[in-house]
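K.L.:
Residues per chain, in single letters:
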Amino acid sequence: MPTDLAVIGAGPAGLAASLAACARGVRVTLIDAAPEPGGQFHRQPAAGLRAARPEALHHRWRTWTRLRDGLAAGSVRLLTEHHVWGVERTSGGLTVHALLGPDQEEPAEVHARAVLLATGGHETVLPFPGWTLPGVVTAGGAQAMLKGGLVTPGRTAVVAGTGPLLLPVAAGLAAAGVTVAALVESAGPERLPRHAVTLAGKFPEAAGYAARLLRHRVPFLARRTVVRAHGDERLTGVTVAALDAHGGVRPGTERLLPCDTLAVGHGMLPHTDLAEALGCRLDGLTVAVDEEQRTDVPGVWAAGEATGVGGAALALAEGHIAGRSVVARLRGTAPDPRQWAPAARVRARARRHAAALGSVYAPPARWTDRVTDDTVVCRCEEVTAGAVREALALGAGDARTVKLLTRAGMGWCQGRMCQPAVAGLAGCEPTPSRRPFARPVPLGVLAGQHSEEGHS
Amino acid sequence: MNPLELAGARPGPAFTVTFDGRRIEALPGRTVAAVLWAAGITSWRATRDGGRPRGVFCGIGVCFDCLVTVNGRPNQRACLVPARPGDDIRTQEGTGHAH
Amino acid sequence: MSESLTCDVVVVGAGMTGAACALYAARAGLSVTVVDRGPVAGGTTGAGEGNLLVSDKAPGPELQLALLSLGLWAETAKELGAAVEYEAKGGLVVARTPEALDSLRAFAAAQRAAGVTADPVTADGLHDLEPRLAPGLAGGVHYPQDAQVMPALAAAHLLRASGARLLTGREVTRVLRAPGGAVRGVRTDRGDVQAPAVVNAAGTWGGELAARAGVLLPVLPRRGFVLVTEPLPPRIRHKVYAADYVADVASDSAALQTSPVVEGTAAGPVLIGASRERVGFDRSLSLPAVRALAAGATALFPFLSGVRALRTYAGFRPYLPDHLPAIGPDPRAPGLYHACGHEGAGIGLATGTGLLIAQSLTGRTPALDLTPFRPDRFPRTTKETAR
Numbered sequence: 001m002p003t004d005l006a007v008i009g010a011g012p013a014g015l016a017a018s019l020a021a022c023a024r025g026v027r028v029t030l031i032d033a034a035p036e037p038g039g040q041f042h043r044q045p046a047a048g049l050r051a052a053r054p055e056a057l058h059h060r061w062r063t064w065t066r067l068r069d070g071l072a073a074g075s076v077r078l079l080t081e082h083h084v085w086g087v088e089r090t091s092g093g094l095t096v097h098a099l100l101g102p103d104q105e106e107p108a109e110v111h112a113r114a115v116l117l118a119t120g121g122h123e124t125v126l127p128f129p130g131w132t133l134p135g136v137v138t139a140g141g142a143q144a145m146l147k148g149g150l151v152t153p154g155r156t157a158v159v160a161g162t163g164p165l166l167l168p169v170a171a172g173l174a175a176a177g178v179t180v181a182a183l184v185e186s187a188g189p190e191r192l193p194r195h196a197v198t199l200a201g202k203f204p205e206a207a208g209y210a211a212r213l214l215r216h217r218v219p220f221l222a223r224r225t226v227v228r229a230h231g232d233e234r235l236t237g238v239t240v241a242a243l244d245a246h247g248g249v250r251p252g253t254e255r256l257l258p259c260d261t262l263a264v265g266h267g268m269l270p271h272t273d274l275a276e277a278l279g280c281r282l283d284g285l286t287v288a289v290d291e292e293q294r295t296d297v298p299g300v301w302a303a304g305e306a307t308g309v310g311g312a313a314l315a316l317a318e319g320h321i322a323g324r325s326v327v328a329r330l331r332g333t334a335p336d337p338r339q340w341a342p343a344a345r346v347r348a349r350a351r352r353h354a355a356a357l358g359s360v361y362a363p364p365a366r367w368t369d370r371v372t373d374d375t376v377v378c379r380c381e382e383v384t385a386g387a388v389r390e391a392l393a394l395g396a397g398d399a400r401t402v403k404l405l406t407r408a409g410m411g412w413c414q415g416r417m418c419q420p421a422v423a424g425l426a427g428c429e430p431t432p433s434r435r436p437f438a439r440p441v442p443l444g445v446l447a448g449q450h451s452e453e454g455h456s
Numbered sequence: 001m002n003p004l005e006l007a008g009a010r011p012g013p014a015f016t017v018t019f020d021g022r023r024i025e026a027l028p029g030r031t032v033a034a035v036l037w038a039a040g041i042t043s044w045r046a047t048r049d050g051g052r053p054r055g056v057f058c059g060i061g062v063c064f065d066c067l068v069t070v071n072g073r074p075n076q077r078a079c080l081v082p083a084r085p086g087d088d089i090r091t092q093e094g095t096g097h098a099h
Numbered sequence: 001m002s003e004s005l006t007c008d009v010v011v012v013g014a015g016m017t018g019a020a021c022a023l024y025a026a027r028a029g030l031s032v033t034v035v036d037r038g039p040v041a042g043g044t045t046g047a048g049e050g051n052l053l054v055s056d057k058a059p060g061p062e063l064q065l066a067l068l069s070l071g072l073w074a075e076t077a078k079e080l081g082a083a084v085e086y087e088a089k090g091g092l093v094v095a096r097t098p099e100a101l102d103s104l105r106a107f108a109a110a111q112r113a114a115g116v117t118a119d120p121v122t123a124d125g126l127h128d129l130e131p132r133l134a135p136g137l138a139g140g141v142h143y144p145q146d147a148q149v150m151p152a153l154a155a156a157h158l159l160r161a162s163g164a165r166l167l168t169g170r171e172v173t174r175v176l177r178a179p180g181g182a183v184r185g186v187r188t189d190r191g192d193v194q195a196p197a198v199v200n201a202a203g204t205w206g207g208e209l210a211a212r213a214g215v216l217l218p219v220l221p222r223r224g225f226v227l228v229t230e231p232l233p234p235r236i237r238h239k240v241y242a243a244d245y246v247a248d249v250a251s252d253s254a255a256l257q258t259s260p261v262v263e264g265t266a267a268g269p270v271l272i273g274a275s276r277e278r279v280g281f282d283r284s285l286s287l288p289a290v291r292a293l294a295a296g297a298t299a300l301f302p303f304l305s306g307v308r309a310l311r312t313y314a315g316f317r318p319y320l321p322d323h324l325p326a327i328g329p330d331p332r333a334p335g336l337y338h339a340c341g342h343e344g345a346g347i348g349l350a351t352g353t354g355l356l357i358a359q360s361l362t363g364r365t366p367a368l369d370l371t372p373f374r375p376d377r378f379p380r381t382t383k384e385t386a387r
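Residue numbers (UniProt numbering), protein chains in the order written: chain L, 1 to 456; chain X, 1 to 99; chain U, 1 to 387.
Worth flagging that the hints you see were computed from the coordinates, not collected in a lab.
None of these values were measured; they are calculated from a predicted model.
Where is the CB? At the ideal position from N, CA and C, for every residue including glycine.
Mixed in with the good hints there might be a few duds.
Claimed, not checked - Listed next, with one range per pair, are the computed distances between beta-carbon atoms:
| hint | chain 1 | residue 1 | chain 2 | residue 2 | range |
| --- | --- | --- | --- | --- | --- |
| 1 | L | L256 | X | D88 | 36 to 42 angstroms |
| 2 | U | A58 | X | G86 | 54 to 60 angstroms |
| 3 | U | P131 | X | P85 | 35 to 41 angstroms |
Said to hold, decoys possible - Selected chain L positions facing chain X (Cβ under 7 angstroms, derived; list incomplete):
| hint | residue |
| --- | --- |
| 4 | L57 |
| 5 | M145 |
| 6 | L146 |
| 7 | G149 |
Unchecked claim - Partial list, derived from the structure: chain X residues whose beta carbon lies under 10 angstroms from chain L:
| hint | residue |
| --- | --- |
| 8 | G12 |
| 9 | L27 |
| 10 | G29 |
| 11 | V35 |
| 12 | S43 |
| 13 | D49 |
| 14 | G55 |
| 15 | G61 |
| 16 | D65 |
| 17 | R77 |
| 18 | L80 |
| 19 | V81 |
Same shape as in the complex, but just chain L (with noise of 0.2 angstroms):
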C-alpha cells in the first residue's frame, strides 16, 4: 500500500514525527519491529500481562499517553512487528523492506514517497573479564525486560558502568523487589560541576532518581569500575575497584561484591545501518542531518537518537521537526522554520545537555588495560582480546582489518556489540560499520524478489 511518509521506528521521534505529519494531511506508517508503539524509552508491558499500573516503572508518564492517545486519535497507520532489513530507492519514491514478525519470514514492503529514520540506537558495552557470563545483562536489558516482561534477572543485582541510564535502572530494579548491592559508576561527581550550568535541567530527574536509590539504601560507587565478574555457569559476584585520576586501577581497592545480576553500560550508538545503505552521509557514528532534519539524501529524514544520543526530549524535538519539514516538501514549498520555533529551541537545548553529558560521562581511559587475553571480545565469534591483539601485531591497524583477521564482528550480531571494543583496542575511533542488511535475511526471501529483467 503506498503511503506519503514511511516512519520508520515507533519511539519518541517516530511517534513525534508522525503526528506532526498526520495532523497536517500527510499520510503516514509508522513501522516498527515491537507488538507495541514506543520504543525502548516508552516500552510498555506486554498486553497480556493486563497491568493497571504500568507508569510505576516509567518517567514522562504524560508525554507517553499525550503520544499513545494521538495515535488512536489519528490516522497514522500503524504496522507493528514489522522488522524493517532496508531502504531501498526506487523509480517511483522509496521502498522499506521488512520482515513480519516473530518469525522473520514472510516479507512485506511499504512504498512511499518520503522516508523518517527513527531507529534509536543501542547500548555499548565494554568488555571485562567474565562479562559473557549469564547473569551479566546490559542495564537498557534489565529495564527493557522488567518493562516488557515485568520480570527482573535475579534477586541480587550491581549496576555499573557510566552514563545517565544507571540510575533510572538502579531505581527500576529496586522498586522491583531486587536488592541493589551497589550503582558503580566510573566516573566522578568532580566532573559534574564543570557542566552544572548545562545541565541544571536535568538535576531535579536525577535527584529524583537519587532519592529513590537513598530510600531502597543503595550504595552509589563514583570513580569505580568492575574489573571482573565471577562465576563458572553464571554469575556469582564482581570485583568492583577505584579508579585513579588516569584511568587505571587504583592497588588494593579490589572489594567482591556477591551479585546474581550484573547490569552494565558505557553509553549508547546510534542504529545507522539503514542510512548508511541508503548511502545518507554520516557525522561520526551519526546520520548527518540539516536544521529540517533532512539527510543528504532526497526523500529521506532522521530524528531522534539515530542523528545524535540526546535522550527522548530531544528525539521528540527532532521528529516534530522532520514531520512539519516532510508536510512541506512533500507539497513542493519550503518549511517555515518559524513554526516549529519552541521545538528547535528544546533541540539545541537538549543537543548542548547532550553534548555535556557525554563529557561527563566517558568510559575509563584504560579500561584495556583491564581486557586480559583470555577476555572474549566478540561474543558472536567468541573472538579473544588476545586473538585481536595479534592481528594487529599482523599489520591490521584498524578495526576493519582486525575484523578480517579475526572475524570479529562477522556473526549475528554484525558487530554492533564489540564495535566499539575493537576500535578500542586498534587504538582507534570507531567508524560506522557498513551493515547492507539492518537485520539478518533469509536468502529466499531475497531470491523471491529477484526478476530477470527487473535490473539492466
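Following the hints, position chains X and U against chain L.
P.N.:
Same frame as chain L, now just chains X and U:
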C-alpha cells in the same frame, strides 16, 4: 514487591511450556526470555566454539546472544519471541542446525 | 616524520599479490619493503572469497599461471595451511541442461589436455559429492585441484613469513626515476624508500601507481558483491557453481551477470558470490545484484532458502582490457615490475605471480613465458577485446 505487583499486573491464566523437556509456567504476553527468567533460568545457549552458556544480554534483539531453539526452529531471539502455550523450548547448541 | 630507507625491492601493495611477491622475493635473497596506503589486505584482498581455481579457466596463459600457482599454494600450505585456512576442497561445476553439460564437458576436455584434472560427474553422481544439491541437474565436472584460503589471513601470514619490512598507512606519491629513466625507489607521504626495483602490486589502484611512475597501465575496477549467511554446520563440501560461470567471466558486457558460486567455510557461514558489474568505484549496495546471487544460490541448494544472509560486501576486482594480468618488468621504466590486474582470480594467482616476479627480479628464467602478461601490451587508446 515484585515487578508484577509493582505494575499492578493481572495476567490471564498461566500456561505451560517446556524447557529441555521440563515443564515451566508461562504468563501470557511474556517473551520466551521473560518466561525463562521468571523460572530462574538464565542460560539457554551453548556457543559454537567454547560451548559456553549464554542467555539474555541486550534484551532488545540487537546482540543475538539469547538465540534459542523453539519448536525445532533454531536461532530464535528469546527476547523477541513471545512464548505460546505448549512451546518446546530447547537449549541451542552450536549453530542450532543439526549436522 | 620523514625518513629515508633503502632496500633491494619495494613492493607497493600489502594485499595478497604484494604479500606473495614479498615472500618469493625474500626467499630469493632480496631485502624487501612493502608499502601500502591502507592496512594489510585493505583492498580487493579483504573483499574476496579466496578462490584458488583452475576450473573456471580456459586453456591459455591464465590457466598455466593458475596451475603453477595452485602447486605453489599446496607447498605454502604445508607450512601455513592452518593459519591461512587453506582447504583443498575441490570444485564442482554443474550443468542444468544437457546442452550446458555438453559445453561444460567439451570445456573440461580442453582443460584436461592443458593439464587440469577434470572428472566428469553423472547426474546421480552429483549428489554423492554434494548431497544437498537441487534435484534435476544434468551433470557436472569435478575439479579436485580447486582450493580455498581465507584471503586476508593469507596476505597477513605470507607477509609475516616474508620477513619484509611492512609500512602501512603510507601512500606512494611518486615512483622515483633516475635521469636515465631507471627506477630508484618510491616517494611516500612519509619519506622516500630507495630501491633499484619497485613492484606494482597495487591492485585496483595499479593503474594510478603506474601513472605515478609515468607509464600507462589501464587497470579498471569490476564490482563484485558477496553474500554471507549465518553460520551453519558443514553442508556444502566443494566450491559449487553453474556452468554459465565460465561464459560470464569472458563476457564483455557491462550489464550485471551473476553466477552462483556457493561454498561453505571453515568458520561456518556459506559464501555466495560474486556478482560482476562494471560500474566504476561505486560501493553502494545493489539489491538487484544481491537478489540475483540469492536466486542463483537457492536454485543450486534449495535448503538455503530458509538460511539467513547476515551481510553482503562489495569489492573491486582489478582487470585489464584483455582480462589477463600484467606480470613482469616494464621496458618503459627499467626497474619497475607489475603484478596486478588479476580480476577475480588474484588470490589464486598470487603465488605464481610472486614466483614469476621474484625470478624476474633476480634475473632468472621465469617459470612461464611472460609475453602474454607484458605490461606494455596496451596501446595508448585501447579497447576491451573478447578473449
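K.L.:
Each hint needs a verdict: does it hold in this structure or not?
P.N.:
Comparing the hints with the structure gives:
Hint check: L256 (chain L) to D88 (chain X), Cβ distance near 39 angstroms, so the stated range 36 to 42 angstroms holds. Checked against the hint of 54 to 60 angstroms, the C-beta distance between A58 (chain U) and G86 (chain X) comes to roughly 59 angstroms, which is consistent with it. Under the hint 35 to 41 angstroms, the C-beta atoms of P131 (chain U) and P85 (chain X), about 37 angstroms apart, fit the expected range. Hint status for L57 (chain L) relative to chain X: holds, with the closest Cβ pair at about 6 angstroms, below 7 angstroms.
A cut of 7 angstroms between beta carbons decides the hint on M145 (chain L): the least distance to chain X is about 5 angstroms, and the hint holds. Interface restraint check for L146 (chain L): the shortest CB-CB distance to chain X comes to about 6 angstroms, inside 7 angstroms, so the restraint holds. For the restraint placing G149 (chain L) at the interface with chain X, the shortest Cβ-Cβ distance is roughly 3 angstroms, inside the 7 angstroms limit, so the hint holds. Below 10 angstroms, beta-carbon pairs count as interface contacts, and G12 (chain X) has one with chain L at about 6 angstroms; its hint therefore holds.
Because the closest C-beta pair between L27 (chain X) and chain L is about 6 angstroms apart, less than 10 angstroms, the hint holds. Satisfaction of the interface hint for G29 (chain X) is found here, the shortest Cβ-Cβ separation to chain L being roughly 2 angstroms, below the 10 angstroms cut-off. Given hint, V35 (chain X) at the interface with chain L, holds; its Cβ is 8 angstroms from that chain's nearest Cβ, closer than 10 angstroms. Against a cut-off of 10 angstroms between C-beta atoms, the interface hint on S43 (chain X) holds, since the closest Cβ of chain L lies about 4 angstroms away.
The closest approach between the C-beta of D49 (chain X) and any C-beta of chain L is roughly 5 angstroms, which is under the 10 angstroms cut-off, so the hint is satisfied. Hint on G55 (chain X) holds. Least Cβ distance to chain L is approximately 4 angstroms, under the 10 angstroms limit. For G61 (chain X), the interface hint holds, the least distance from its beta-carbon to any beta-carbon of chain L being 7 angstroms, beneath 10 angstroms. Taken as an interface hint, D65 (chain X) checks out: its beta carbon lies about 6 angstroms from the nearest beta carbon of chain L, inside 10 angstroms.
Here the hint on R77 (chain X) is kept, as its CB sits about 8 angstroms from the closest CB of chain L, short of 10 angstroms. Because the beta carbon of L80 (chain X) sits about 6 angstroms from the nearest beta carbon in chain L, less than 10 angstroms, this interface hint is met. Nearest Cβ of chain L to the Cβ of V81 (chain X): about 5 angstroms, under the 10 angstroms cut. The hint holds.
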